[in-house]
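**Student:** Sequence:
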Amino acid sequence: ELCHRAGGLIPTKAIREPSGGIYESVEGVGTSFINRVDVRPGDVVVVISNSGRNPLPIEMAMGCKAKGAKIIVITALNASMNLKSKHSSGVSLYQLGDIIIDNQVVEGDAAITLPKSRNKICGMSMLATSLIIQALTYRTAELIEESGKIAPIYKSQNIDGGRAFNENLELPYKDRLSRT
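Quick note on the numbering used here: the sequence shown kicks off at 55 and runs consecutively.
Calculated from the structure, these hints are not laboratory results.
Glycine included, each C-beta is placed from N, C-alpha and C at the ideal position.
Just so you know, not all the hints are guaranteed correct.
[Said to hold, decoys possible] With a cut-off of at most 25 Å between alpha-carbon atoms, the simulated BS3-like pairs for lysine-lysine come out as follows:
id, residue 1, residue 2
1, Lys67, Lys170
2, Lys124, Lys228
3, Lys174, Lys138
4, Lys140, Lys121
5, Lys124, Lys174
6, Lys121, Lys209
7, Lys228, Lys203
8, Lys119, Lys209
9, Lys140, Lys170
10, Lys138, Lys67
11, Lys174, Lys140
12, Lys174, Lys67
[What the hints assert, rightly or not] Label pairs and their computed distance ranges (CB to CB):
id, residue 1, residue 2, range
13, Asn212, Glu81, 34 to 44 Å
14, Leu168, Glu199, 43 to 53 Å
15, Leu168, Ile213, 37 to 47 Å
16, Glu81, Asp229, 43 to 53 Å
Start from the sequences and build out the full structure, keeping to the hints where you can.
**Tutor:** Pasting the structure below:
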């Protein structure tokens, strides 16, 4: 929802571990993956994990921090503080953030109880995190403009001239926008 979309900031890229989460709890995968990603001193990396306990996001945050990046963690802080880390260091994701944003999501993510089965349904972390990311995007663009610059923001590719506009604004960032 943040990268390469209409209304989003151009100098952003998604860092997604390609397995789709099946190795989230396998130690070493996050370290191996982040070692191949272009993260530089001064970069700001947002690491998102509702539980904050699995090795993959913890190692990604550790690796980015070791490369000199600032880390923003989005997590369900109450749940994260009460869950035991699955990383051998014992560290939880929230402990690695330069900035920690609590998404206020309940432990277990699902928020609504079905009356008959009493099963929980409707995970809230995706919705909460999306709102937080959009607020971060807005404030970042606002700060850029307060500094006297124009925030480089994507236009929709579905409007006339949108694709050409975006490609032109991407040029100064081309070496950093690879999809890795």
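**Student:** Has the given pair, Lys67 with Lys170, been kept, meaning a C-alpha gap of at most 25 Å?
**Tutor:** Roughly 44 Å between the alpha carbons, so the hint for Lys67 and Lys170 is violated.
**Student:** For the pair supplied as a hint, Lys174 and Lys67, is the alpha-carbon distance within the 25 Å limit?
**Tutor:** violated (34 Å)
**Student:** With respect to the beta-carbon atoms only, verify the hint that Asn212 and Glu81 lie 34 to 44 Å apart.
**Tutor:** Check passed, 43 Å falls within 34 to 44 Å.
**Student:** Are the Cα atoms of Lys121 and Lys209 separated by 25 Å or less?
**Tutor:** Given that 25 Å is the threshold and the Cα spacing comes to 32 Å, the pair is violated.
**Student:** Does the structure keep Lys174 and Lys138 at a Cα separation of 25 Å or less?
**Tutor:** holds (22 Å)
**Student:** For the pair supplied as a hint, Lys119 and Lys209, is the alpha-carbon distance within the 25 Å limit?
**Tutor:** violated (32 Å)
**Student:** Hint check: Lys124 vs Lys174, CA-CA at most 25 Å. Holds or violated?
**Tutor:** Violated, at roughly 35 Å.
**Student:** Okay, Leu168 versus Ile213 on CB: inside 37 to 47 Å?
**Tutor:** Given range 37 to 47 Å: holds, Cβ gap about 43 Å.
**Student:** Is the distance from the Cβ of Glu81 to the Cβ of Asp229 consistent with 43 to 53 Å?
**Tutor:** For Asp229 against Glu81, whose Cβ atoms are near 32 Å apart, the range 43 to 53 Å is violated.
**Student:** Is the hinted pair Lys228 and Lys203 satisfied, with a Cα-Cα distance of at most 25 Å?
**Tutor:** holds (19 Å)
**Student:** Is 43 to 53 Å respected by the C-beta to C-beta distance linking Leu168 and Glu199?
**Tutor:** Since the Cβ atoms of Leu168 and Glu199 sit about 46 Å apart, the hinted range of 43 to 53 Å holds.
**Student:** For Lys140 and Lys170, compute the direct alpha-carbon distance and say whether it is at most 25 Å.
**Tutor:** Cα-Cα ~34 Å, so violated.
Consistency note: the structure conflicts with the earlier hints numbered 1, 5, 6, 8, 9, 10, 12, 16.
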